[in-house]
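Place chain L on chain S using the hints.
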Amino acid sequence: MAYEVELRNIDKHYGDFKASDHVNFGVNRGRLIGLLGPSGSGKTTILRMIAGLERPDSGDILIDGQRVNNLAPGKRGIGFVFQNYALFRHMTVRENIAFGLKVQKEGKQKIRSRVDELTHLIGLDKFADRYPMQLSVGQRQRVAFARALAPSPRLLLLDEPFAAIDAKVRKELRGWLRETIHKLGITSIFVTHDQDEAVEVADDIIITNKGRVEQTGTPAEIYQLPRTPFVADFIGESVHVPDYTVFKGFEAGEDGAHPGIIRPEFVEIGLNDKEIAMPLAAEHGIVRATYFRGSSVEAHVEVKGQILKAGRSLEKPPLQEGAEVRVLIHRILSFGDGKAETVENKSKRKESVVI
Amino acid sequence: MAVSVTRNRFLSADFEAKQQRTSVSSEIFVKWLLIFLGAAFLFVMLILPLVLVGFEALAKGWDAYLAALTEPFARKAFLLTAEATVIAVLLNVVFGLASAWLLTKFDFRGKAVLGSLIDLPFAISPVVAGLFFIMLFGRMSPIYQTLQDLHVAVVFAVPGIILATVFVTFPFITRELVPVMEAQGRSEEEAAATMGAGGWTIFRRVTLPNIKWGLIYGIILCTARAMGEFGAVSVVSGHIRGKTNTLPLHIEILYNEYNFTAAFAVASILVFLAILILVLRNLVEWKLERKSERSGNHGL
Chain S
1 MAYEVELRNI DKHYGDFKAS DHVNFGVNRG RLIGLLGPSG SGKTTILRMI AGLERPDSGD
61 ILIDGQRVNN LAPGKRGIGF VFQNYALFRH MTVRENIAFG LKVQKEGKQK IRSRVDELTH
121 LIGLDKFADR YPMQLSVGQR QRVAFARALA PSPRLLLLDE PFAAIDAKVR KELRGWLRET
181 IHKLGITSIF VTHDQDEAVE VADDIIITNK GRVEQTGTPA EIYQLPRTPF VADFIGESVH
241 VPDYTVFKGF EAGEDGAHPG IIRPEFVEIG LNDKEIAMPL AAEHGIVRAT YFRGSSVEAH
301 VEVKGQILKA GRSLEKPPLQ EGAEVRVLIH RILSFGDGKA ETVENKSKRK ESVVI
Chain L
1001 MAVSVTRNRF LSADFEAKQQ RTSVSSEIFV KWLLIFLGAA FLFVMLILPL VLVGFEALAK
1061 GWDAYLAALT EPFARKAFLL TAEATVIAVL LNVVFGLASA WLLTKFDFRG KAVLGSLIDL
1121 PFAISPVVAG LFFIMLFGRM SPIYQTLQDL HVAVVFAVPG IILATVFVTF PFITRELVPV
1181 MEAQGRSEEE AAATMGAGGW TIFRRVTLPN IKWGLIYGII LCTARAMGEF GAVSVVSGHI
1241 RGKTNTLPLH IEILYNEYNF TAAFAVASIL VFLAILILVL RNLVEWKLER KSERSGNHGL
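Sequence lines, in order, name chains S and L. Here the working numbering is used: position 340 in the first sequence is 340, and no number is missing along the way. Here the working numbering is used: position 233 in the second sequence is 1233, and no number is missing along the way.
Check each hint, because a few of them may be wrong.
Unchecked claim - Straight-line C-alpha distance at most 20 Å; calculated EDC-like pairs for lysine to aspartate or glutamate:
{"no.": "1", "chain 1": "L", "residue 1": "K1111", "chain 2": "S", "residue 2": "D16"}
{"no.": "2", "chain 1": "S", "residue 1": "K18", "chain 2": "L", "residue 2": "D1107"}
{"no.": "3", "chain 1": "L", "residue 1": "K1105", "chain 2": "S", "residue 2": "E54"}
{"no.": "4", "chain 1": "S", "residue 1": "K304", "chain 2": "S", "residue 2": "E283"}
{"no.": "5", "chain 1": "S", "residue 1": "K183", "chain 2": "S", "residue 2": "E265"}
{"no.": "6", "chain 1": "S", "residue 1": "K75", "chain 2": "S", "residue 2": "E54"}
{"no.": "7", "chain 1": "S", "residue 1": "K171", "chain 2": "S", "residue 2": "D194"}
{"no.": "8", "chain 1": "S", "residue 1": "K348", "chain 2": "S", "residue 2": "E265"}
{"no.": "9", "chain 1": "S", "residue 1": "K102", "chain 2": "S", "residue 2": "D129"}
{"no.": "10", "chain 1": "L", "residue 1": "K1243", "chain 2": "L", "residue 2": "E1071"}
{"no.": "11", "chain 1": "S", "residue 1": "K18", "chain 2": "S", "residue 2": "D60"}
{"no.": "12", "chain 1": "L", "residue 1": "K1111", "chain 2": "S", "residue 2": "E54"}
{"no.": "13", "chain 1": "L", "residue 1": "K1212", "chain 2": "S", "residue 2": "E95"}
Just so you know, these hints were derived from the structure itself, not from any lab.
One chain only, chain S, in its complex shape (with noise of 0.2 Å):
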């Protein structure tokens, strides 16, 4: 299948800071795509190369299988979602959203039930004469998204798109933006620093770290099999043991240290041997500290010297700091040679075969 953007060996250097470091991918038509990263990680860099709003160093950008470096921003059939929005503060939501098919020469009805058309799928019909400075944040992101789409661009991109929004509005426009983008079928790459909303929004993510690609797939991928240890360190909840051929169920025959990452979600604690479904493959552990979250309970246990985080759900019997519980370690995320892998805890295996 074709790409409907795709970068080959793009390099990019501000001064002596390297932002993009020989970036390479592709991105199907009609996807919705994550550009994850810390920031610094030239996240956007990309997406405004991408748009023509930065020029590469080196490399090409292709859209629809054609060279655009030289193209310039108008002619590369994106709409472009600032971060701050950037909306037209002297023009109203609806000469906002006409903007762009004012520039390319629309006829007056086109733009009119295109406008309208646009402030229906906001949900702003009653808005379309109020100025950006008289609605919420979250109703101007919308204006901006709307404004983006009203020239029909084959590709959406969006930097940062919730940034600015307080939590709550934040989840629910998430989901609309969601819905929305594969509703109209426009293939959409949106940068973001939080992995919850890269997570929960795209089909694909792309995770970016020191101006380099780290690895793609989609969030599912990500989450259950990083392939590097910076994918593994930042993607979810991590804690970081120095060495895991400690535990039970992980020996290695090799010597030397053996650093890995242990997620909460890789984690069981059970009160007695009960409680816990393979009570051979489990460590003794000393509770230090629970945390109540809302939905469950954040337990840091204590394991041959290393406090392990675990998540406990609240029908089950409370835990006490200080009282002695079984720790069972499902699998853990290996990282030497620059590679990551996933170590699933061996006696689980020896104890269902026993059975």
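Chain L only, in chain S's frame:
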């Protein structure tokens, strides 16, 4: 024992109250002293001169006042000042917009140097600026002969006066626009560019409406300075009465001829224009404030 403690406490409270009273009264004294000093300074430095100008101008009655104003050389000087001001302001609107646009919407090598260079006319003495134009276009200039052959007079003629005025007032509009445009960032322009708008459309439809009031404010300041410019213009003008005399130069000549009434009469015109500009300036400032308040109320 208990009684004496209470009394002591009572006494000390009384003492504190007294002290407080004296400190309050000295505070009031200092307050009024400062207000008086401020008012006196303002009166002597700003209001008195204006009153005296009016007073001197009308010293020989209305007829002499009007005669001094309608006298041909005065009228010529007024027209020349108007001409130089209008042309200088127009040119500086173009230069100011272009340079502010360049400084805020683009990144390039040497941007900081250009930014400080634009402030040069503020830093340099106007007389030096005048001499600089004499060197550039006068007899000592290598292009003087060419200018002569083309019958173009720059120095000791109107073009020189306009050039000097443009130079001296160059930074006003740029300096007024740069902070406004910087605060607004580039994203609105970039948004317009992604929708296919060209440079001119972006400027006309997006940038200009956003900087409108800042621009008007800059124009007002620029006009005020252009009308009153003396130093640089004095050097390049040659003081030819009826030809290269602007209002400030005309006032100086009248004053040097001991024609005080006429000098002050003409000066009163400049004073009147200055007050008019101040009123306009305040109006624009008020408008700007109201605008920012309005956006603040509905802001984040």
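So, going through the hints one by one against the coordinates:
no.	hint	in the structure
1	L:K1111 / S:D16	holds (18 Å)
2	S:K18 / L:D1107	holds (18 Å)
3	L:K1105 / S:E54	holds (13 Å)
4	S:K304 / S:E283	holds (9 Å)
5	S:K183 / S:E265	violated (33 Å)
6	S:K75 / S:E54	holds (14 Å)
7	S:K171 / S:D194	holds (12 Å)
8	S:K348 / S:E265	holds (16 Å)
9	S:K102 / S:D129	holds (17 Å)
10	L:K1243 / L:E1071	holds (14 Å)
11	S:K18 / S:D60	holds (17 Å)
12	L:K1111 / S:E54	holds (18 Å)
13	L:K1212 / S:E95	holds (19 Å)
The structure is inconsistent with hint 5 alone, although it conforms to all the rest.
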